[in-house]
Every structure is written in structure tokens, then in C-alpha cells.
Amino acid sequence: MTHYELFLTASITGLEILLCILVWIRHLQSRLPFFTGYAVTILAATLSQMYVIAIYGYRGSVTTFYYIWISYGCVLLARSATILELFRDIFKPYPGIWGLTWRLLAVLTLILLVHGAMDAQGQINWLAAGGLTLERDVDIASFLILATMLLIGNYYHLPIESIHKWIALGICFFCVIEYANSSVLRNLLAQYMSSGVATKAQVDRINDLWNTIYTAASAASLGSWCYLLRKPLPEPAKHPVLLPAGVYQELSPAINLRLRALNDHLEEMLRS
Amino acid sequence: MSSLPIAMLLAIAAFAGLLWLLRKGKRPAKTAGALNSQEITGSRPRHYRFFPQIRQALSTADEEYLRKKVPADIAQRVRRERRAVARKFLSGLREDFSNLEQMGRMIAALSPDVNHAQETERLSLRLKFQFLYALVWLSLSTGRMPLRQIEHLTGLVGSLALRMEQAMVRINALTPEQNFHGLNA
Numbered sequence: 001m002t003h004y005e006l007f008l009t010a011s012i013t014g015l016e017i018l019l020c021i022l023v024w025i026r027h028l029q030s031r032l033p034f035f036t037g038y039a040v041t042i043l044a045a046t047l048s049q050m051y052v053i054a055i056y057g058y059r060g061s062v063t064t065f066y067y068i069w070i071s072y073g074c075v076l077l078a079r080s081a082t083i084l085e086l087f088r089d090i091f092k093p094y095p096g097i098w099g100l101t102w103r104l105l106a107v108l109t110l111i112l113l114v115h116g117a118m119d120a121q122g123q124i125n126w127l128a129a130g131g132l133t134l135e136r137d138v139d140i141a142s143f144l145i146l147a148t149m150l151l152i153g154n155y156y157h158l159p160i161e162s163i164h165k166w167i168a169l170g171i172c173f174f175c176v177i178e179y180a181n182s183s184v185l186r187n188l189l190a191q192y193m194s195s196g197v198a199t200k201a202q203v204d205r206i207n208d209l210w211n212t213i214y215t216a217a218s219a220a221s222l223g224s225w226c227y228l229l230r231k232p233l234p235e236p237a238k239h240p241v242l243l244p245a246g247v248y249q250e251l252s253p254a255i256n257l258r259l260r261a262l263n264d265h266l267e268e269m270l271r272s
Numbered sequence: 001m002s003s004l005p006i007a008m009l010l011a012i013a014a015f016a017g018l019l020w021l022l023r024k025g026k027r028p029a030k031t032a033g034a035l036n037s038q039e040i041t042g043s044r045p046r047h048y049r050f051f052p053q054i055r056q057a058l059s060t061a062d063e064e065y066l067r068k069k070v071p072a073d074i075a076q077r078v079r080r081e082r083r084a085v086a087r088k089f090l091s092g093l094r095e096d097f098s099n100l101e102q103m104g105r106m107i108a109a110l111s112p113d114v115n116h117a118q119e120t121e122r123l124s125l126r127l128k129f130q131f132l133y134a135l136v137w138l139s140l141s142t143g144r145m146p147l148r149q150i151e152h153l154t155g156l157v158g159s160l161a162l163r164m165e166q167a168m169v170r171i172n173a174l175t176p177e178q179n180f181h182g183l184n185a
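As you go down the protein sequences, you meet chains A and B in turn.
For the first sequence, the residue numbers in the numbering used here are 1 to 272.
For the second sequence, the residue numbers in the numbering used here are 1 to 185.
Derived from the structure by calculation, the hints contain no laboratory data.
We put the CB at the ideal spot given by N, CA and C, even for glycine.
Watch out, some of these pointers could steer you wrong.
[As the list claims (entries may be wrong)] Ranges between beta-carbon positions, derived for each pair:
(1) B:Pro5 with A:Ala245: 52 to 58 Å
(2) B:Glu95 with A:Trp24: 43 to 49 Å
(3) B:Leu10 with A:Thr13: 42 to 48 Å
(4) A:Leu76 with B:Ala13: 56 to 62 Å
(5) A:Arg230 with B:Arg23: 31 to 37 Å
(6) B:Glu95 with A:Gln29: 41 to 47 Å
(7) A:Ile111 with B:Val78: 56 to 62 Å
(8) B:Pro5 with A:Ala261: 15 to 21 Å
(9) A:Pro95 with B:Ala13: 34 to 40 Å
(10) B:Leu19 with A:His3: 34 to 40 Å
(11) A:Leu76 with B:Ile6: 36 to 42 Å
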């Protein structure tokens, strides 16, 4: 490992340790168990990767290469579980909206993941180019699902707690940057592999660039979560008192009828 | 490698777009009393009630008077001002429409069962309204739309407002604790 790579790893590890400590201090393990699991998983992945690198070396080691990808797969799984946890926490107290959105988000997730798997399957080197492709598609799927979730919450004026919002935005930021990163670098890697003229220096350069962008995006997300957790969190919001079902059944069609009439009139005004 | 900065800019723009969309929708929270007396007073339609005054200001008789008695340049200025008043009034009607539509969303949020078709329809009606409103506003600004057309529009919003007010009174009667703290974060 170069000094630069050591610096990147150390800075990320520092933030990950700080996040785990803050999560513990704020007792998030009972409030957000999957997010706690995610924080622990990213720290465990980084520390174990450092251990594997210390034993097998960084460049040229097949064991290190495979281990890094497998541990990154675990981080992706933990992140997906966190997204599910956010979705459940935000929408579950509102059964009407929950019933409306879970199917939509499930279908969206399925389409994006199937697309990602099919995209990855066609790659020349499954674990390098294929892994990057799958990671890229999981990243964009996470971004789209979280963005949809936040926008639906915003549309219905659901009270999204600051902890949920910050976690969602942190993951969104990381995923969208990583999507761009993986898209560009995956194409370069695919070009090098198909042409067979890539030098070791070129591959190393791509690797360094990927690491730098990954570290910067990680640092921004981890930093925002640490910043949020610097103070005690407010108590979780109480569950809402729901209206009787008949109110919606009576009012909603009436509102829509009037809105339609208003639109018809606007159209008529424009035609006249 | 040269496409990397472009990709990064696009990624940051996508994230900024998400933040903007979230910020744009941030209005004063319709909270604890959202469906109760004070909050309803704040969100129920108000502007349509000013229509008699507006109608007086934009009346055809006034238009006749302007054409016959007032010098052309002054008449032109007055017409511009009248159009501006009409546009402001139209904008107020849009606010009324938004408040009522927002109430519909709040009722949906607090309902145990929500109809998919109703919600999709309301969303599409909202988008359509925004598009049509922009066109009407443009027509009004360019003087291609008679001011009397607004009258019917006002009547529609007014009747919707009346119906909603009656419904809110009934909802309040259904909830003796007067506490919808679900929307109170």
C-alpha cells in the first residue's frame, strides 16, 4: 500500500469508529437496529480488509482481491437492510400510505435488481467488471428507492424524523456518486480488458481514482451522520390517531370530482 | 477518463435536484390541529371571497368608460394594471386550490385504507392543473383571455371550499380529543 492509500484507509476508518461510538452512545441499537448493523458492518469490513492486506499484500494478491469484493457484498446487504428499515419506520404508522407504497417500491426494487443481475452476467470478468456493474446497479437502485420514498413522504407531509432523513440523504449521496464513479471506471476497465493492452500503471491509476472518489463520498456520508449524532436525538414521534375509514371514502371522490371540474373549466377557458 | 468529471457533475446535480424537490415541498407543517379549527382557518380558501370586489374592478362598464373618456395612454396603463390584478387574483385562487388539494392528501395520510386509483387520479389532476394554470396565466398576461372567464373558475373553487368546510366540521366532531399528533413532527 502506498502512503496515499494508507491515508485514505485511515481517514475512513477513523470516521467509521467515531460513527460506531456515537451510535452506541445514542442507543440506536434499539431504535434503528439495521442501521446499527450497517455501521458495524462497514467498520468490520474495513478492519478485516486491512488485516487481510497486512497478511496477503494489496496488489496482485488474489485472496485480497476476492476478500475485498466479498466484504463489500456484505456492506451492500447491510445497506439494503437499512433502506428497508427506513421505509418501514417512515410509512408503517400510516397504514393507508404504507399499503399504497410498498407494492410500488417492491416492484421498482425487483425491476432494478433483475436489471443489475442481467447486466452483470454479461461481463467478461465476473468479479471485477461484473462486480462493478452489479454494485453500480445496486447503487442506482438504492438512490431511486430512497428518493421515491422521501418524495412520497414529502408529498403526503409525513413527519420524517431528522435521523431517518439524514441517513437516507447520506446513503443517496454516496450511492449517486458511486454510481457515476462505477459507470465511468467500469467502461474503462471493460475497454482495457477487451483490448488487452492495459498496462499495470493504467489499471493502478484507475484503482487509485476509484478509491479516492469512494473515500470522499464515504467521508461525506459518514461525516453527516456523525454530525447529526453529536447531540442527543429527540424522542421518536408518537403514532398518529387515524380517521375513521368512511371519511376518506366519502371525501376523496368528492375532492377529485371538483378538481376534475376545475381542470375541465380551465381547458374550456383556453379553448374559447 | 475525461467523462468522469461530467459524470460527477451529473451525480451531484441529481442529488441537488432531490434536495430541491424536498425543500420545495416544505411548507408550514399541517400539524396537530391540521384538521381542527385554527389550522383549517389558515388553510381553507380565502381568495375566492374577494371576487365581488375584483369583479367590480374589472367590470365591463369600467372598460367602456376607459375607452370613451380617458386618454389612450392612461387607458392602456389602467388595462395593464387591471390584468395584473386579475393575475394576482388567479394566483390566489391557485393557493386556494392547493390548500384544498393538500387537505385531501392529509386525509389520505390519516386514513387506514387508501384507494390507489383515487390517489393516482388526484396526483394527475394536480399536475394537469399546474400545466393549465400556466397556460391560463400566460393568456391572461398577453390579453388574449376575457376577464369574465375567471368568474366561473371562482365559483368552482368557492363551492369546493364550502363542501370542505362542512366536511371539516364533521371530522372535528368525530375526534373529541382534537389531537392529530401524527402530523406533528
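message: Given a hint of 56 to 62 Å, does the C-beta separation of Leu76 of chain A and Ala13 of chain B actually sit inside it?
response: With a Cβ separation near 25 Å, Leu76 of chain A and Ala13 of chain B fall outside 56 to 62 Å, so the hint is violated.
- request: With respect to the beta-carbon atoms only, verify the hint that Pro5 of chain B and Ala245 of chain A lie 52 to 58 Å apart.
  value: 54 Å, holds
- prompt: Lying within 34 to 40 Å: is that true of the beta-carbon distance Pro95 of chain A to Ala13 of chain B?
  reply: 36 Å, holds
- request: Using the Cβ atoms, figure out if Leu19 of chain B sits within 34 to 40 Å of His3 of chain A.
  value: Given range 34 to 40 Å: holds, Cβ gap about 36 Å.
- request: Kindly confirm whether 36 to 42 Å is satisfied by the beta carbon distance between Leu76 of chain A and Ile6 of chain B.
  value: Because 26 Å falls outside the window, the suggested range is violated.
- prompt: Between Leu10 of chain B and Thr13 of chain A, is the Cβ distance one that fits in 42 to 48 Å?
  reply: The hint (42 to 48 Å, Cβ to Cβ) is violated, given that Leu10 of chain B and Thr13 of chain A are roughly 30 Å apart.
message: Given a hint of 43 to 49 Å, does the C-beta separation of Glu95 of chain B and Trp24 of chain A actually sit inside it?
response: Check passed, 48 Å falls within 43 to 49 Å.
- request: Just tell me: holds or violated, for the beta carbon distance of Pro5 of chain B and Ala261 of chain A against 15 to 21 Å?
  value: Because 51 Å falls outside the window, the suggested range is violated.
message: Is 31 to 37 Å respected by the C-beta to C-beta distance linking Arg230 of chain A and Arg23 of chain B?
response: 23 Å, violated
field: Range hint 56 to 62 Å (beta carbons of Ile111 of chain A and Val78 of chain B) holds or violated
entry: Given about 58 Å between the Cβ atoms, the range holds.
message: Is 41 to 47 Å respected by the C-beta to C-beta distance linking Glu95 of chain B and Gln29 of chain A?
response: 46 Å, holds
The structure fails hints 3, 4, 5, 8 and 11 (numbered hints given earlier, in ascending order).
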